[in-house]
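Put the two chains together into one complex, using the hints given.
Which chain is which? The protein sequence lines are U and C, in order.
So the first sequence is residues 1 to 554, counted in the numbering used here.
So the second sequence is residues 555 to 721, counted in the numbering used here.
One or more of the hints may lead you astray.
Covered, in the sense of this in silico footprint (three residues per stretch, anywhere, with C-beta under 8 Å from a C-beta of chain U), are these stretches of chain C [said to hold, decoys possible]:
1. 563 to 574
2. 592 to 602
3. 632 to 646
The set of hints was computed from the structure by calculation and includes no laboratory data.
Every residue, glycine too, gets a C-beta built ideally from N, C-alpha and C.
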Amino acid sequence: MTRTSTYKRLYGKDGYQKIRDSRIFVVGAGGIGCELLKNIAVVGFGHVELIDLDTIDVTNLNRQFLFKRKHVGQPKAVVAKEAALALNKDMTIVAHHANVKDDKFNIAFYRQFNVVINALDNADARKHVNRMCLLSNVPLIDAGTNGLRGNVITIIPYLTECYECAAKPPPKTLPICTIRSVPSKPEHCIAWAKYLYQRVFGETDDTNVLSDITLASLYEKDADPTAVAHALVRKLFRDDVIAARDTVESNMVWSFGPPRPVELGDDDVIKPVEITTLSDTEVLAEEMNMRAFVEAVCVLYRMAFNHTGEKASPLSFDKDEPVGMAFVAAAANLRMICYKIDPITIFDARSIAGSIVPAVSTTNSMVSGLAIHRAATLITKGKPTSLDDPVLRTNYVTFFGAKPLQAIIPLGANPACQVCGRKATGMHCTATSTLGDLVDVLEKKLEDDDVAIEAGGTLLWTGDETAARKRTLVDLGIADSHTINVTDSDDKEYVLVALYRSHGPIELDEMIGYDPAPLDDDDEGLEMKRQPEPGSDSDVELEESDGEIEVIEL
Amino acid sequence: MSSLARTRLNQERRLWRKDHPRGFHAKPKTKADGSGSDLFDWVCGIPGKEGTIWEGCCLRLFMQFSSDYPAKPPKCMFSPPLYHPNIYPSGTVCLSILNAEESWKPQIHVKQILQGIQELLDNPNIESPAQSPAYRDYVHDRPKYDRLVREVVRKNHVDTFDQRINL
Numbered sequence: 001m002t003r004t005s006t007y008k009r010l011y012g013k014d015g016y017q018k019i020r021d022s023r024i025f026v027v028g029a030g031g032i033g034c035e036l037l038k039n040i041a042v043v044g045f046g047h048v049e050l051i052d053l054d055t056i057d058v059t060n061l062n063r064q065f066l067f068k069r070k071h072v073g074q075p076k077a078v079v080a081k082e083a084a085l086a087l088n089k090d091m092t093i094v095a096h097h098a099n100v101k102d103d104k105f106n107i108a109f110y111r112q113f114n115v116v117i118n119a120l121d122n123a124d125a126r127k128h129v130n131r132m133c134l135l136s137n138v139p140l141i142d143a144g145t146n147g148l149r150g151n152v153i154t155i156i157p158y159l160t161e162c163y164e165c166a167a168k169p170p171p172k173t174l175p176i177c178t179i180r181s182v183p184s185k186p187e188h189c190i191a192w193a194k195y196l197y198q199r200v201f202g203e204t205d206d207t208n209v210l211s212d213i214t215l216a217s218l219y220e221k222d223a224d225p226t227a228v229a230h231a232l233v234r235k236l237f238r239d240d241v242i243a244a245r246d247t248v249e250s251n252m253v254w255s256f257g258p259p260r261p262v263e264l265g266d267d268d269v270i271k272p273v274e275i276t277t278l279s280d281t282e283v284l285a286e287e288m289n290m291r292a293f294v295e296a297v298c299v300l301y302r303m304a305f306n307h308t309g310e311k312a313s314p315l316s317f318d319k320d321e322p323v324g325m326a327f328v329a330a331a332a333n334l335r336m337i338c339y340k341i342d343p344i345t346i347f348d349a350r351s352i353a354g355s356i357v358p359a360v361s362t363t364n365s366m367v368s369g370l371a372i373h374r375a376a377t378l379i380t381k382g383k384p385t386s387l388d389d390p391v392l393r394t395n396y397v398t399f400f401g402a403k404p405l406q407a408i409i410p411l412g413a414n415p416a417c418q419v420c421g422r423k424a425t426g427m428h429c430t431a432t433s434t435l436g437d438l439v440d441v442l443e444k445k446l447e448d449d450d451v452a453i454e455a456g457g458t459l460l461w462t463g464d465e466t467a468a469r470k471r472t473l474v475d476l477g478i479a480d481s482h483t484i485n486v487t488d489s490d491d492k493e494y495v496l497v498a499l500y501r502s503h504g505p506i507e508l509d510e511m512i513g514y515d516p517a518p519l520d521d522d523d524e525g526l527e528m529k530r531q532p533e534p535g536s537d538s539d540v541e542l543e544e545s546d547g548e549i550e551v552i553e554l
Numbered sequence: 555m556s557s558l559a560r561t562r563l564n565q566e567r568r569l570w571r572k573d574h575p576r577g578f579h580a581k582p583k584t585k586a587d588g589s590g591s592d593l594f595d596w597v598c599g600i601p602g603k604e605g606t607i608w609e610g611c612c613l614r615l616f617m618q619f620s621s622d623y624p625a626k627p628p629k630c631m632f633s634p635p636l637y638h639p640n641i642y643p644s645g646t647v648c649l650s651i652l653n654a655e656e657s658w659k660p661q662i663h664v665k666q667i668l669q670g671i672q673e674l675l676d677n678p679n680i681e682s683p684a685q686s687p688a689y690r691d692y693v694h695d696r697p698k699y700d701r702l703v704r705e706v707v708r709k710n711h712v713d714t715f716d717q718r719i720n721l
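In isolation and in its complexed conformation, chain C is listed as follows (with noise of 0.2 Å):
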């Protein structure tokens, strides 16, 4: 287990807990046996801009760090898996700051990822799809985009955030 990946983990703990964007949520997983949380596994929420079609959600997302951490991104994948045209099948977001071969550096932090992909939802980067679906209809049938895109807002409302949290 590498300190640096344990220190920099601590450190960012520390640091979104005095302060973070309103609405996001970011914190090590609670284990199932009560034994405390995992520190290298994260849980998260990214809320819908507001003034975009993504406006009134909280969409789940987890943060595993690896022990090359902060050498290496965190890989970070929606759960449910996303209709997105920069989401995986599987859920893990394409995005060039997680990307340890373009743009991740060491000195970005927790909340400037989040962010990111916040930003990310209303600005799909068509130049590097991740999944057809939602990359089909982006490009062809926007209509549909938009109205799948309401649905997901809708199953993932805010409101009910604190319930999906730990399911």
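Bound-form chain U, shown alone (with noise of 0.2 Å):
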């Protein structure tokens, strides 16, 4: 028995040409993209190709399979490759080292796919990539996990809901009146030791909510580092939280009663200490907290700034930057300590600072061999017509409760979404086409005369914005693929994929997907009505599972 022919027998032997034949796009090399393609490559697809823009990390190796040591610092694109490669050498894999946002990934490239699988660890990029399979109708299945959850979702175009049919409950942030004046958890202390990291050594930012703080010791000539972070220390942790403790009077609620500053030495000095000798995994005292901070404003100080005091090298966190994560973490638990929050170690402040989520690698296994389960039933039985379709249901794998692994039918298509509910085309232009040549051609196609264009949050024409009717659509950054978006009198919006050609006037495709629905004035019609999905958020109960299971029944 060869290892293709648990396959052939699984998909049957037409059904096991159609994925020999077939052409899948594999977005993100790490976690989730190892397994795939230690899966794609175990099945045998004919033709793959595969895109990430990281280089591999020493952090990467417990779980990335496909990567050694020896490989820490090479594209993850590249190696994942080889790696298949030596496991199956009958099929092409195409690396691409880039970012899968990049122009040359446009409509046309997402079309010669029969199937398009993200193994991405950010919304950003699975929108960008949930839009592309729509504007090319290709369908995709995205696999995602969290700790010990995880998913599977399968996107047919202007069929099932898409990535943003129903409204993603927004990243958690934290009010800028807490962080500044009354925080409450190491979480309030963490975010505001970033900022203070970013208006001390970063690049100049006006909307930093600590743009206020002067720092005037800090830009003369000359100036003694160690200087500096004394000032910086009598001024944070002792001279400002005086100035709150007095300022702001009972009306404020304390947390944990008012604030007290740190205390100094009688001489004022604080030791430095060398940050490398700083435990992880201890909670450091008051005074070790101090020098710390000391030493690493020394260092970060010496980096940034040349002697004439001027910022001539801003530095931006990165919480594996030592240096820049001890500031940080010195930095918030004086502030801990100055409002009776029990400080933290560097290691959680760490995780806090990079909001870092373990990743475990039985999980992205499973999600990943559900995900090429699907692709390959997606490709041997084609494009499903109803959502009641096997091959749609969408997958919920987690560790804990009763039902580790469910199938749940998925939801239609929301008419009501901003991204899949509005109707796209391509629009032919070349480089002499003019925004008015657009207003023109889309005022007759529309009939309408009131239309808004807008791309990359630039509105370009409006009723009473029409400055730019003369310049060029290329003049105006619209750059081949890109999208711009029209709106009518009515609301109702289009979305049109600028395709560049060398010669002809201005020409639009025709219309794919819905009817756009209009928008209502009343207030009702500003919200998506759609709640998040099941399974996205840990307090959300998971839906009852219909029984079906299909990795069991094969």
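So this is what it looks like as structure tokens:
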């Protein structure tokens, strides 16, 4: 029995041939991507393209099994390709060490694939691939994990709900009043310390919530870094704390009583301590935090500032850079001490500062198995036409509760969706096409003389914004495969994808997708009606399964 | 870029164009390169209410929307920063309807935000001070407070708003 005979039996001889002839696109070669690629090689798909912009880091090796220590620093996509070919030579793999949002991965690129599989770690790239798949009408399988939970979602454009049909809960942010004045949790102090890092050592940013902190001594010529560090300690953890305690009167509610300033010795001298000697897993005492803070300021100051007191090479915070992390941990801890919050270890501070969620390789492995089975089924059986089709089941994997694996019929496309609920079309144009040409075409096509045209957040054309009429689309920043958003006078939206050609007038392709759902002026219409998907938040109960668990049937 | 934010902002723009309260201004900021205006960055004008010490001024305020809008409120910032107990030294307005953890709701329109801020001008919330000079004067030295506010009004007179809007 050969390796492929299992899959020939599973998908049928003809079906397996379809898998051999298929083309799939895998987005991401990290924890899930490596598992996917291993499965792809074992099943024996014919043509795979793989994209990842990252290089291999030593911290990846515990769960990204295609990579070895000797690969550290090399592009993930390239190494994963070689490792997969070592498992199965009888396939073609194209590795792209690039950003999936790059313009060269346009509609024409997506249209060549039978299926796209997402193995991403962020919502932004997920949204991008979701949109590209909708615009090019290609099925998308999205695999995701979060610790011990995972899911596999199959998106058939304009049939199932897309990645953005349901409103996602916005990422939690902390109110600035809390960060600035009334911290009550380590998280508030870490956020403050990160702002402080940015304010002191980073690029000038007026939107920083601490932008009003004055630090005159920093910018003096030939400043002594140790003196700068001492001045910061006195200001931030003594004077400002006293001012907060005394200015803001009894009407301010302190979580743990009024704040207290740090205690400085009689001679006011804080001895620096070597950062590498600090314990990662023990809570540092007040004095040790001060010493670490002083040392970190000295090191960072020399990196960011030159002799004339000018911030010549601004830094940006990275939780894996030990000195910056020590600065943030020490500053946060000192603030916690002032505000009577229990201080934390550098390890915990790093987890909070980097919003780290532990990755579990078993979960990655399970969703990858499910995702590849979905892809193989889609390829062998063709695009489903009904939501009841078993291939469309959304799977939830979880390691707690009575039902570790669930298969749920997905919701249909949401007509009010801001992404797939709009009509989309290709717009053929040339390098000399002007905004005015496009306006003329649209006004005729939509029979509307009050359209608004916007691209990338810039309003190019509205009833009272007509200055750019004579400028070319190229000049306005619209490159090949860029999208343009058009709103008509009823607030209906259309998406145009720029497709450049050498000559000819502006022409629109046939529109795909729904008729745009009109937005109401009343308050109801402003909110997406759908709730976040089950399983997207630990507080949400998973929905009842209908009992159908495909993988076990096979 | 969130489509929901974009769609909503286009709608806000149309709603405002159709109807807005007298004396107020709000529009996407014109870009320096003349290629249009920035849908996510608005410049607004808030008039002081008649019959209050703020009467006669029109204050410039920037409204910055994020891609999470309308799940998150816009950031509202007076420019230049304003002498007022609830305005941070950076100019940022501290108001419960502008705080996602407090009273912000996606249904709140630009019009209501601006009217809410106008209301705040003459009704500071001393429960949540954001700058100490104006807070201290308001609580301990009302004549000085009133005098400094009148100074603000003089410097930001409604007649000069057209010149100040694009600075």
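Structure-based check of each hint:
A count of 6 residues in the segment 563 to 574 of chain C with a Cβ less than 8 Å from any Cβ of chain U is obtained; the coverage claim is therefore met, three being the minimum. Only when three residues or more bring their CB closer than 8 Å to a CB of chain U does the claim for the segment 592 to 602 of chain C stand; here the count is 3, and the claim holds. Coverage of the segment 632 to 646 of chain C by chain U holds [criterion: at least 3 residues with CB-CB distance below 8 Å; count 4].
Violated hints for the displayed structure: none, as all numbered hints are satisfied.
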